[in-house]
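> Taken in order, these protein sequences are the chains called A and B.
Counting with this note's numbering, you get residues 328 to 464 for the letters of the first sequence.
Counting with this note's numbering, you get residues 29 to 257 for the letters of the second sequence.
Possibly wrong hints are sitting among the right ones.
[Said to hold, decoys possible] Pairs of lysine-lysine residues, derived as DSSO-like cross-links and limited to a Cα-Cα distance of at most 30 Å, are as follows:
1. K154/B with K241/B
2. K242/B with K369/A
3. K241/B with K369/A
4. K256/B with K242/B
5. K386/A with K242/B
These are calculated hints, taken from the structure and not from any lab test.
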Amino acid sequence: MGSASNSVVKLVVAAIKRANALRLVAAIAFGSVLAGCAQSPKRLYHWEAFQAQLYEYFKADSSSPEEQLRLLDAQLEKARARNAPLPPGFRAHLAMIYLRLGRDGEAKQELEAEKVNFPESAPYMDFLLKRMTVPKS
Amino acid sequence: MRTRVFSLGAAAARWGQPAATLVVAAVLGACATPPAPYDYTAFKQNRPVSMLVLPPLNETPEVTATYGVLSQVTLPLAEAGYYVVPVSLMDETFRQNGLNSPAEIHDVSPRKLREIFGADAAVYIKVTQYGTSYRVIASETRVTTQGRIVDLRTGELLWQGTATASSSENRNSNQGGLAGLLVNAIVSQIIETASDTTFKYAGIASQRLLSPKKNGVLYGPRSPNYQKD
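The following block holds chain A by itself, in its conformation from the complex (with noise of 0.2 Å):
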């Protein structure tokens, strides 16, 4: 009687488990399919808060340019750190943020650092840096 309770028991604990399990695998498997198209876990870029700061940028009411320099800078480093790629575009709206402070000098260098970083920019890049070494009217 104690062993046929016990069996029991089992039983019902396995029908449990099994039915955890299958629970489980149609999870993975629905999660599998969503994140197919959601996302994939692993980037090709450091991302970080850039578009929502690329966002602030376009704002009519955005912060200050020095505000949103501090920003970037932060992301920068941090992508140093862990020896991230920055994503495309990064470094040239950087060189968009000196050149609305006037440090047309970084501006310049982050251009060319985004020509060296992906060749594809460089007829933009190039487009850019001749009208900035043309004297401002």
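Got chain A sorted already, so can you dock chain B onto it with the hints?
Showing chain B alone in chain A's frame:
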């Protein structure tokens, strides 16, 4: 005729279940198999390396729509393996040339765009829904975008598609657990500094529009999946 006449109670009962199903379908929709596979002939012939995303046309009353979307299109395309022309500099270049509205910018010839930005393809986006609609039962924040990718060397249309993100799918899928968690995960990655909710959904819609998937944009040369799709 008779089906149109039902009480409010019946309506609630009728809509509860299908609404939940629809939401799950919408979340999965990004992966579900649509009837006709996309014709990638032009895309594969042209294989762009770099993309120029023009400021999106805004067909909504919400003034922030253009830049809410523009600031979030670089991630999906860059992660897909493309170089994306820096959006802030691009916008400034147009402004300094007297082009301030997306409509004017969308009218610039592909040849001219190629000349200035050196990109292989341009992405023309239209925002058709952006913001929160306040309804009696539940308010909803929704962003819908349409995108077209045109090769700037040949003028050929390479790809087009649409995508939507809505707060109602998030809310309802909380019952479903995992789907809700995943949507939340994406949202929470998108950032804390930008306070408006619609911006988050603009980010999800942009990812859905421009990330490689069934019938979506193909992988670009910087992706390990390049030419495997």
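> Each hint: holds or not?
Results for each hint:
1. K154/B with K241/B: Between K154/B and K241/B the Cα gap is close to 20 Å, so the pair holds against 30 Å.
2. K242/B with K369/A: Roughly 20 Å separates the two Cα atoms, so the pair holds.
3. K241/B with K369/A: 16 Å, holds
4. K256/B with K242/B: Judged against 30 Å, a Cα distance of about 13 Å means the pair holds.
5. K386/A with K242/B: Outside the cut-off at roughly 34 Å; violated.
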